[in-house]
Amino acid sequence: MENVGIFTAAARLVERDLKVIFRHVSEAFNPLVFFVVVATLFPLATSPDAALLRDMAPGVVWVAALLSSTLALDSLFKADMDDGTMEQLALSPQPLAWLLLAKIVTHWVVSGLPLVLIAPLVARGFFLPTEAILPMMAALALGTPTLSLIGAVGAALTAGVRRGGALLSLLVLPLSLPTMIFGARATDLAGLGEDPSGPLYLLAALLFLTLSLAPLAAAAAIRISLD
Amino acid sequence: MWKAFVRWFHRMASPPHFYAAATRWTPWFFWSALIVIAICAYGGLVLAPADYQQGDGFRIIYAHVPSAWMSLFIYVNMAIAAAIGLIWRIKLAHAVAASCAPIGASFTFLALATGSIWGKPMWGTWWVWDARLTSELILLFLYIGYMALRSAMEEPSRADRASAVLAIVGVVNVPIIHYSVVWWNTLHQGPTVSKIGEPSITWEMLWPMLGMMVGFMLFFGAILLTRVRAEVLARERNAKWIEEVAVS
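Protein sequence lines correspond, in order, to chains C and Z. Sequential numbering of the first sequence, starting at 7, is according to my numbering. Sequential numbering of the second sequence, starting at 3, is according to my numbering.
Hints listed in this document are in silico derivations from the structure and should not be mistaken for laboratory results. We put the beta carbon where it would ideally sit given N, CA and C, even for glycine. Please note that a few of the clues may not be correct.
Which bits of chain C does chain Z cover? Going by a derived footprint, with three or more residues having C-beta under 8 Å, they are [unchecked claim]: (1) 166 to 173; (2) 227 to 233.
Cβ-Cβ distance ranges computed for the label pairs, FRET-style [to be verified]: (3) V26(C) <-> S153(Z): 26 to 36 Å; (4) A40(Z) <-> G171(C): 45 to 55 Å; (5) K84(C) <-> E157(Z): 16 to 26 Å; (6) D233(C) <-> L212(Z): 40 to 50 Å; (7) V26(C) <-> M3(Z): 52 to 62 Å; (8) L58(C) <-> Q55(Z): 29 to 39 Å; (9) A57(C) <-> R91(Z): 54 to 64 Å.
Start from the sequences, fold in the hints, and give me the full structure.
This is how it looks when you write it as structure tokens:
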């Protein structure tokens with residue numbers, strides 16, 4: 007067998023995952039569409055009043071991002087669990103946590119990054135001031151990978167469970183609250199014309215904490231699900 | 003000393019030995035809990051003076067504060083038991099963790115219920131988005147998630163290990179959640195008036211509360227031992243020693 011280093015292995019895994027995702031490209035855009043649709047629901051359910059919507063904007067963007075990221079998690083490990091790919095990854099000489107991290111990063115690029123890019127459009131629809139747009143994107147860019155990482159632990163735990171969708175949300179949403187609070191707070195502060203760097207630093211801290219710990223927990227959970 | 007403890011610990015990990023010991027201990031825990039709670043209830047509800055601002059309404063803290071304290075204590079307890087089970091592969095530790103969850107969820111619910119009963123006359127509403135109330139509610143969600151994950155898995159050994167990972171992830175998150183909620187709250191509505199834990203509390207008010215905490219701990223011990231015994235019986239139902247226990 008060819009002996010590959012961990013970076014080559016990760017790169018090949020990313021390549022393969024992207025290929026699989028782009029075979030079903032319409033499915034890949036579902037979380038993005040979901041994000042926009044959820045955001046559209048809020049003015050319809052409350053009122054089209056500009057002042058109200060401006061106050062709600064950070065919260066709406068973050069709740070929609072959280073829900074959309076949770077929805078996308080279901081597909082993170084499921085297919086690989088079902089067709090035995092995950093077993094091969096677990097048996098490979100590379101550390102499973104590292105390979106899972108590669109999968110999570112790919113997943114974020116496809117399901118999280120588009121949210122960061124489309125969020126300005128949604129925020130403008132909610133009359134969020136222009137100067138708040140960049141801090142909001144920064145907060146989303148720091149926060150959505152954290153959501154994917156925390157979610158990966160939940161997805162790994164429920165990978166072996168049939169109809170785990172609602173269960174997955176129940177596990178992941180409470181754990182994602184700090185990210186949502188700091189993210190919405192940063193956007194809020196920027197909207198009020200204040201300095202959003204405090205919550206942004208905290209978001210970055212959370213990102214690095216989950217980046218270092220979540221893959222290990224996810225790997226442990228995957229091994230349990232595989233037995 | 004350490005060696006003796008390790009030996010004791012290993013013997014306790016054997017289900018028949020634990021079952022016998024737990025059967026012996028349960029009444030001790032139960033009766034001492036009953037006595038301590040009765041004394042402190044008298045101390046708190048009758049002997050302690052009424053609060054000069056809140057009148058007799060403050061007396062609910064004798065149930066509220068110990069429950070809130072137990073809700074966190076049991077979560078940490080559950081995570082430690084789960085970690086022991088995961089690391090040393092001790093099945094009994096998993097049984098302890100599994101038995102902790104419903105008790106902890108009940109205490110969390112009790113803390114929330116007594117909190118809102120207290121809040122109605124004091125704050126004028128059943129619920130405010132106070133930092134402590136909110137993080138207590140999230141703790142309840144964490145307990146519910148843990149129990150939901152357990153019941154979703156049919157195979158006990160897998161349920162044990164998967165829920166153990168979740169408990170450990172949860173216990174790392176509990177302080178982060180708590181402080182993020184505190185921070186969110188102080189920025190959104192300013193510090194809420196909360197009189198619990200003020201240094202002005204007198205000794206006559208304080209001792210029943212501390213005693214109640216001890217009483218609740220003992221009560222938790224009694225319930226936990228009972229639940230773990232039931233859990234052990236269910237898990238070891240095909241073992242030979244069960245026959246002897248069941249017959250005697």
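* Could you tell me which of the numbered hints above are not met by this structure, giving the numbers in increasing order? => Those not satisfied: there are none.
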